Amino acid sequence: MSLPTPKSPPRFTRRGHHASRAANVHGFAVVNILLVALICVIFGMLMVFAGQPITPEAELVQQWYEALCNPGSDQAPLWELTWRGDMSQAQLKEAIEHYRERGGLPQPCKPVVDVNVIYFQWIPPELHSSYERIKFVAVNVYGEGRPTERNLIGSEQTGVHVLFDGSGKAFILPRFLAQSPLGIQETGDVIPLYNNDGLLMGNAQVTGEVIRLQRFDEVRLGVPLRLEATSNWGRYEAHVFVNGLEVIPEFYGDVLPPEEQERFLPPAQDAVSRVTEMRGVLWVQAKEPVTSLHVGFEIFQTPWDMRPLPALVRVVINDEA
Amino acid sequence: MRPFVPRSVVFAWLLHVIISLVFGFTVQANPETTEAQWFSTPDWAGNLAHWDVNWEIRISDQGYGPDFSPQTSAKFPLAALTARLIHQVLHVPMQVALFLINKAGLLLGLWALWRMVAGMSDIRTADRAVRFMAFPLLGTAFIYWMSYPDVLFLAWWALAFTCLWEGNYLRAGLIATLAVWTRPQGAVLVGVMGLSVLVEAARNKGLFVTLRSGVFWRHVLAACIIPVLGLVGWIIRVSDVAGIPFSPYVAQGDVGRGEFIWPWERIVERVQWMANQSEPLNGGYWTELWQLALIMLGLVILIVVWRRGKLRWELVLFSVLSIGLPLATGVMAIGRFATMTWLPLAFMYIIPARWRWLDGVLWLVGVGLAVAVLTNINLTPSDWYYVP
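Order-wise, the sequence lines are chains A and B. Numbering-wise, the numbering used here puts 170 at position 41 of the first sequence, and it's gapless, one number per residue. Numbering-wise, the numbering used here puts 138 at position 130 of the second sequence, and it's gapless, one number per residue.
Derived by calculation from the structure, the hints in this document are not laboratory data. Since this is a predicted model, take the numbers as computed values, not measurements. Built from N, CA and C at the ideal position, the CB exists for glycine as well. Heads up, a few of these hints could be off.
[Claimed, not checked] Chain A regions said to be covered by chain B (calculated; three or more residues, Cβ under 8 Å): (1) 156-165; (2) 169-177; (3) 246-254.
[As the list claims (entries may be wrong)] Some chain B residues close to chain A (C-beta under 8 Å, calculated; not the full set): (4) PRO50; (5) PHE76; (6) PRO85; (7) MET128; (8) LEU178; (9) THR185; (10) TRP189; (11) GLY238; (12) GLY241; (13) VAL246; (14) VAL249; (15) LEU319.
Next up, chain B with everything else stripped away, as it sits in the complex (with noise of 0.2 Å):
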């Protein structure tokens, strides 16, 4: 019998609640730690809450706007909206507010992984998709130990697509409509979702007997037709406020995404003006560079894994558009937005069973680099220069 919640779940999350605290509370303890860049507060939890999380906290306080550079409306609300009820109810600092969130998206993350895992194949891959969920080789465990809201993403949608493959296609839909207000990513999920339940039907009766059903439209708009209305709805108002037509999409630019190139030629642009700086770069363009290079490895290990019958094409698309298109207009961020799909999970399919001991190495390296970006960026004005 599948437990409810499982150990590995519990395991993981216990694990970076411990992390996060132990963090926290040693740099609160040594106030004279020189403040980081876009610091907060130097109590444990705005040590916690520092770059993209000090966003959160404005808007959790002062709402959106015309006036605010970089536009604030390039985050979505759904965190800043919850920090903002938490602060309010409990009446605790905002930074608190977030860190509650981000330990509870984790916890609520981690468990519909396991859960969409193990429904998907058995308990045992389950628990170590968990694991190559909570310890990236990425690198980017640091946004499950600060306090950034995009865990709750992970959450969203690996609810939504299980709910769609049991074939609750309304419940489906109102996950993801949580989802297009956590992360712009939300909207590709959206999509794949969409195309989820065409392909399913036009599997089974074929595509032109399928788009004539009633049964398929029914099942597509209710997979699909809240979260539309619910992202349109928050473009439409966001916008009005800060004075930008679609302003969430727009205002990407203030947040370091610059002119749409293909993915590939981004990553060629890199490398070649990495390769031709004769001053030696420092580590934020190697880390980066590393989490290129893994994105790269990892879509192809996906399709492969795709082709071999073993994963739905869905996560593959899902995963792909989800860093493709962020990728498509900057590099910076690019791993955090990579761990909020599959594609941390593609490394567990290349280790054969002999050599399973190889899972703790690749966690542990994932680890090790966290722990190297998280006091870069957050414990000197840092020469490292991995913008998180």
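Pulled out of the complex, with its shape left as it was, chain A reads as follows (with noise of 0.2 Å):
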């Protein structure tokens, strides 16, 4: 039975099963041993490449966040992971409690890290001797009978800086730590902020010391400030450390005193345009006695970027406060 066919195909012009084959079948036959070689190295690469990361960090943040919610549990991870700058084991512990107490995180809660958010950050200049590789991982934190919807903003509000050395140690970066690998800048400096990708998107900058307001028993301290964006910025956020603890600034100016509404600065604002100084002040709720005050700056290019490594500033304390 013969298969109907069109007018005569197109002929290849070699035909491999005539003299020029004949010719070449030494050649044919070391090329193909040799491709076979290769698919077997490809095959045997792609079963071990489909389910293993190039480094750990998914793993490494679920161990330390399942230490985090659960105080019970063993907290090695935590003091074995974390950078922590210059803070002793006991400060660390410190601002860990703290940050459970003050209702950083449900209690107990279920860390759940998230894998579509694991992005390569810029190394900026003076990390690329101490560092080889910046991750950002981003964590949904769930309490315990609550829904555990995949949260994409809320998984980023959570997430960490997975910091790998050239040994392939990784160190894990909080955000409620009053750290940066960056270091701590001065009042007065006028500090570049880079966005997590390395774009220069402008300046902040402490411009005096802290200012203290009481009213009745409650003490706010305000912190002036300057910013000024070079780029347009899709967002940014202030993050304010009194004695190397997190607390939340005011993100309303109607609690403060009308003489002090109207430079009122919010420590978060979406889409500031290229071009814009801000000036203000930054007010947030204190216990005393404050010994120590830090602000951090994290710009963000577009809504979804990812969080840059913070800029810290230690602001000077007058004597009042």
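Since each chain comes alone in its own frame, lean on the hints to assemble the complex.
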């Protein structure tokens, strides 16, 4: 039985099973053997590659967060993995306990690393010699009995940076520590602000000493700031640390006396246009005595940008504060 | 004498490299340009690594797993594995690794296509074919500029068919194995190759004699067994890792593929939907409509050319299935899928010899549309709404 054919289809001018193939049979065999070997090697690598990340940040962050969520569990990951700068273990322990107490996390909680949001970060020049790779890992943190839907915005808020040094050792940098691998700047310094990709977005400056404001038994501290956007910002956020512990700043100016409301600066704002200079005072309610005050800045190029490493400033505290 | 790497291939390749670098570095120099969706990094290589390329970066970095959403096992692994190896060996960012893969794949793909066409006809036709593939009228040349790994698939199917028709069945099968690890359409390639061996043998000896012939079965096995095993092995492994049976194909639902309907029903559905919109439609829909129209016209041309004995039926069948199967599940990205078939070459058959200047017009139209797509999907949170 013959199959129906159209008019003769185009033929190859080099039909292998004729003379040309016979002349090159040895060369053909060698190439084929090499190709078989290559395919076998690729197949083996694919089998391994399929389930293996380059670096184990997802697993490490999961362990770290499980320890953070559950104080009764083995706390070793917190002490071994946390990037803590010049903090002692006692200070780190205090910062973690404060974070738990102030409701930074539901207790008990269940963390789930969002593997969809693990991104390489730009490595600033001053960290090139110390770190080979920096990644941001988003984490969803659920309260017990609460819905467990994936929450992209929430997972970025509770996400952490993971820094790998040249030997592959990992360090986890949470947001609630008054520490930054970029170091701590001083009041009056003009601090360049970069996004997570290393784009220069503008600069920030703490322009003066802390302002102390007491109404009845409430004490508020104000930090005079200047923020300059040299590019469009999707968002900025300022974080305040009192005595090394993160404190939520005031988001609304109406808690302030009328004369202070005019220069109130919100700690976060979306869509800041380029060539904008903002001057104002960032306010935070604090318990005295206050021995140290730090402000951290994070600039996002777009609303969906990942979090950059924080630019941290030590604020001078005058005697009254 | 045929040049080993013809000038037409080198010219087209260099042009694409230059366009890529100009775009990448221009955007790098203007970082205030708003980030697009599925953004990567703002350096030159990152500017070429948005959208699907971003998925490849994620797979290269994280491997596969059950919790990825969209499920990354919809992407086949060869480019991601290669990007990881380049990243680890050369210590370059993933974005640069994928740029290297794209450009190497493009050079290999255009060279393999030229070699294939030159083998079937002549050098002038091969040069022309390279230009029609390099500047497709579909407006999809952006996949040569951004670091899409799809171009590898062009290289694999062109080389595999060439080896098959040269009678080197084992090598055809080995190259097809790389194809099944590159794109879902690799399975189509293997099926068409097996059918090609059957039809070729049956033409000479008749179907029943062929089916009893040991030589025939040796050829079929040489061409098909390794890619089939390679594909099955990959499906088993990644399905296990992802926790989803048949995940490379099931997960296609996560990349805009819907329920299966006949491709022509899908086209009618899209046209009716567009006709019923009261608001003006954005550019992405018109781009897709343009591509659908070209696909229908192109397939008709290919069938006519085959019936006139000027084209091998395997290339027509491969193109029909490679486009028809994804079109049956959705319109999204159909232009990109069609580009990695014989379809972009269909239009060179309809231009008479005395009107060859029209070739240049078609290439310019294709490039112009590709530039529009490139800028709209990469530079702004686009209201163009074309999903590449």
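Hint-by-hint comparison with the structure:
1. 156-165: holds (count 5)
2. 169-177: Our answer is that it holds, as 5 residues pass the Cβ test (under 8 Å) against chain B, meeting three.
3. 246-254: holds (count 3)
4. PRO50: holds, 5 Å
5. PHE76: holds, 6 Å
6. PRO85: holds, 5 Å
7. MET128: holds, 4 Å
8. LEU178: Result: holds, 5 Å to nearest chain A Cβ.
9. THR185: Holds, about 5 Å.
10. TRP189: OK, holds: B:TRP189 within 8 Å of chain A, min 7 Å.
11. GLY238: With Cβ-Cβ at 6 Å, under 8 Å, it holds.
12. GLY241: Check passed: Cβ of B:GLY241 comes within 6 Å of chain A, closer than 8 Å.
13. VAL246: Check passed: Cβ of B:VAL246 comes within 5 Å of chain A, closer than 8 Å.
14. VAL249: Holds. Min distance 4 Å.
15. LEU319: holds, 7 Å
Consistency note: the structure conflicts with none of the earlier hints.
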